[in-house]
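A.B. asks: Please build the complex by placing chains B and C on the supplied structure of chain A, with the hints as guidance.
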Amino acid sequence: MRHDYLISAKQLSRGDIEAVLDRAAEIADDPGAVAHSHDNDLLGLLFFEPSTRTKMSFDTAMKRLGGDTVDMGSVESSSVKKGESLADTVRVIEGYTDAIVLRHPSEGAAKLASEFVDVPVINAGDGAGQHPTQTLLDLYTIRENAGFDDLTIGIMGDLKYGRTVHSLAHALTNFDASQHFISPESLRLPRSVRYDLHEAGAQVREHTDIENVLEALDVLYVTRIQRERFPDENEYRQIAGEYRIDAELLEQAKDDLTVMHPLPRVDEIAPEIDETEYATYFEQAHNGVPVRMALLDSIL
Amino acid sequence: MRHDYLISAKQLSRGDIEAVLDRAAEIADDPGAVAHSHDNDLLGLLFFEPSTRTKMSFDTAMKRLGGDTVDMGSVESSSVKKGESLADTVRVIEGYTDAIVLRHPSEGAAKLASEFVDVPVINAGDGAGQHPTQTLLDLYTIRENAGFDDLTIGIMGDLKYGRTVHSLAHALTNFDASQHFISPESLRLPRSVRYDLHEAGAQVREHTDIENVLEALDVLYVTRIQRERFPDENEYRQIAGEYRIDAELLEQAKDDLTVMHPLPRVDEIAPEIDETEYATYFEQAHNGVPVRMALLDSIL
Amino acid sequence: MRHDYLISAKQLSRGDIEAVLDRAAEIADDPGAVAHSHDNDLLGLLFFEPSTRTKMSFDTAMKRLGGDTVDMGSVESSSVKKGESLADTVRVIEGYTDAIVLRHPSEGAAKLASEFVDVPVINAGDGAGQHPTQTLLDLYTIRENAGFDDLTIGIMGDLKYGRTVHSLAHALTNFDASQHFISPESLRLPRSVRYDLHEAGAQVREHTDIENVLEALDVLYVTRIQRERFPDENEYRQIAGEYRIDAELLEQAKDDLTVMHPLPRVDEIAPEIDETEYATYFEQAHNGVPVRMALLDSIL
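Chains as they are written, first to last, in the working numbering: chain A, 17 to 316; chain B, 17 to 316; chain C, 17 to 316.
Isolated chain A, as found in the complex (with noise of 0.2 Å):
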């Protein structure tokens, strides 16, 4: 990893993650040693996008390190509605603060932000590209629960165009991790993603049924099934009922399966789960305000 900023989950390597995941650790534990450690630092948080836990989880973790935020507000509200380049606004931005959190639905927006200034540029996600804290704290979820000796992990739902499930899938690779990807056949993950994975040494074994599998599982990450993906309203509804988790299923996994989503869910967790051990995705969501502060404390 370039210590300066981070665009993709691909930049970094095996003894990156475990790093920002070890200081993780080691702030969770003892959020108190960490609080005044950034009073005079500020971020600027750019979310040219809508977003909720990934906003306000920065913004979090940025006040947790005794720092504050800047922010751009929305869309609506800015420059950008003048006809700015994005390449302007981060160079007008940098100089008001230390570090830069970029949302933006263009594929390749952080790294071409990153280009045009000095100060660190963290991706917050680009439009189908990267967002790699959701990684990292995927991958902090994974570890506290699982570790990643032996793992098996099934990934299901929308694998075509979820971005998360991608970067995730080829993290893992670092892990030796046994990946299983369940998913009807038209959400299938793309073949570009399949030959990377193959690539990076991955065994990439691909289900359409759940059943087939689960008994095998360590840890089931479940994503969220768009309708807007389906022009047919009847062939989504069958499609969503047959990839949606419930506790009748669940009798067939391991006692201590972790069961991981990124959030925001729908219906593919039944909330009956919510109370059982298995759920795991609100302590994800949580996980996210330890990770970050981990990499802004590394970075500022």
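Hints in this document: simulated from the structure, not taken from any laboratory.
Treat the hints with care, since some could be wrong.
Repeated chains share a single entry, so a pair holds when one copy, or any two copies, can fit it.
Claimed, not checked - Dumping the calculated SDA-like pairs for lysine to any residue here, alpha-carbon to alpha-carbon at most 25 Å:
1. 127 / 290
2. 98 / 249
3. 98 / 123
4. 98 / 176
5. 26 / 177
6. 127 / 286
7. 98 / 257
8. 98 / 260
9. 176 / 283
10. 98 / 122
11. 98 / 87
12. 98 / 298
13. 98 / 66
14. 98 / 65
15. 98 / 250
16. 98 / 283
Source: prediction; values computed, not measured.
C.D. replies: Only chains B and C this time, still in chain A's reference frame:
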């Protein structure tokens, strides 16, 4: 009062109320004493409906205690648009912040949220339901300006839909205040509220004409009559004209009458009143800060 | 200058301006010296119109002083939609914050607001009126890069509607600068502004062609020509093309010419200029921080 959250003014006993008001008075006298008392605390602001003064007032209160806030932003810029449930949203955010302030268009939203999270939830308005911190700042303003002993208060305007009025009237039953309700027939206090007040031991006297009771009042609490309640524009104008306070009318009032209004006002109080000793509505809005500081200080 | 608020650049004497610029230079040299000088102060941000750089710059400045801000948010999410007057809004907010920064679409809004409240009001733009902190950061940038002695400045582009230009031109009369105004006939400096400048002792020289004066300039201040000023698209394109700065044109300029722009730019300055020594517009934007810090520090 449960000391971990505040959902409804009805949960507040006289002792609870007096404890908050006493603490607010201490803080107002010497805000410097608490300026760094919550340096490491974060408050989540979740406003699912527009708000200026309530949101800014909580934001101010938290920062005057040395703490900071994390704001969800508008619903348009959040995951809520992706179909996330309120329960999921608050379960994520409880991992970020030490307490949550929630405004939501649905009655009962704050209660529901509080059942899903372990951090304290403060209700900042739930539709037609409750807005307990408004009640506390109203009570604080009454106590500072008129006191509760032998208090005679008139509450005027839209008594049918105004949640502020219902909460205040109920809370005043703790203090044996003599309460007069002044409104057009079509905006009378609802039967259920009248019943509640009787049950709580209050004498409810209703008037359609302010002049019948004005000279007896220590406090006159004016509320906005909303245009949208009237299908007929002429009827609205006539009624709004009759329930308007101006200098000529106040010649009949006690010299030390306290005129309050929860704001925003449109035309219910003539601007000529603003510079008189009667006008207490801006002071009332400002009192939101020490009252919310006292509440946050007791909760965090 | 009244030291309790700043409404118009016209209220600033040469001494007032130099005091702010001197303080800004001190702060820029050693920002750490003031990093906690306003730890207990709160600044209210009231932006009734979209803004990126002005709002973020004030937000940054206040936080770099150790203070914090409370933001009204967009008009759509505020009580303003309920019909509240500006006077009422600011009278509420003066009870929350130690100073108010106000941007509003109506000329005279900041002056009106300042008459209703006791806290200092800083005008961050009032429609076609004033934007005095922009003028101060422009002056700071000129002083740092070219100095005021024997200064020859060209101001180019939309001189008819640009409030930034009018304020700057007026302020420069304090420094005996030689001012050249370069624009198409249809966007000439308004007669009233020319009159004001003459009254203040300035020599106003107007040009339609930048090449007539370029080689004499120490500073070239470029502004955006807005498409919406021209009913005819072709006329707009022709004029925008003529009043555009590129590398070939600047071959005629002094080597140490300072090129400024208030930003956002669209196409008035070719990107090839960005990496040259001429380009001072990003530095100019960054200078908003120390200048606003100096101003806030003097007011709070």
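A.B. asks: Confirm or reject each hint.
C.D. replies: Outcome of the hint check:
In this homomeric assembly, residue 127 and residue 290 come within 25 Å of each other (Cα to Cα) only across copies, at 19 Å, whereas the closest approach inside a single copy is 38 Å. For the identical chains of this complex, residue 98 and residue 249 are inter-copy neighbours only, at 17 Å across copies versus 39 Å inside a copy, given an alpha-carbon limit of 25 Å. Taking CA atoms no more than 25 Å apart as the test, residue 98 paired with residue 123 passes in both settings, with 22 Å inside one copy and 21 Å between copies. Taking the shortest alpha-carbon separations for residue 98 and residue 176, only the inter-copy value of 19 Å comes in at or below 25 Å, while the best intra-copy value is 35 Å.
In this assembly of identical chains, the alpha carbons of residue 26 and residue 177 lie at most 25 Å apart only when taken from the same copy (18 Å versus 49 Å across copies). For the identical chains of this complex, residue 127 and residue 286 are inter-copy neighbours only, at 22 Å across copies versus 38 Å inside a copy, given an alpha-carbon limit of 25 Å. In this homomeric assembly, residue 98 and residue 257 come within 25 Å of each other (Cα to Cα) only across copies, at 18 Å, whereas the closest approach inside a single copy is 45 Å. Taking the shortest alpha-carbon separations for residue 98 and residue 260, only the inter-copy value of 18 Å comes in at or below 25 Å, while the best intra-copy value is 44 Å.
Only within a single protomer do residue 176 and residue 283 lie at most 25 Å apart by alpha-carbon distance; the minimum there is 19 Å, versus 39 Å between protomers. In the homo-oligomer, the alpha carbons of residue 98 and residue 122 lie at most 25 Å apart both inside one protomer (18 Å) and across protomers (20 Å), since each shortest distance falls under that limit. Taking the closest pair of Cα atoms, residue 98 and residue 87 come within 25 Å of each other both inside a single copy (18 Å) and across two copies (22 Å). Proximity of residue 98 to residue 298 under the C-alpha cut-off of 25 Å is restricted to the inter-copy arrangement: shortest distance 17 Å between copies versus 39 Å within a copy.
In the homo-oligomer, the alpha carbons of residue 98 and residue 66 lie at most 25 Å apart both inside one protomer (19 Å) and across protomers (10 Å), since each shortest distance falls under that limit. Within a single copy, residue 98 and residue 65 get their C-alpha atoms as close as 17 Å, and across copies as close as 13 Å, so both meet the 25 Å cut-off. With identical chains, the CA atoms of residue 98 and residue 250 are at most 25 Å apart between copies only, with a shortest distance of 20 Å across copies and 42 Å within one. For a Cα distance limit of 25 Å, the shortest separation of residue 98 from residue 283 across copies, 12 Å, qualifies, whereas the shortest one inside one copy, 39 Å, does not.
In summary, the structure agrees with every hint in the numbered list given earlier.
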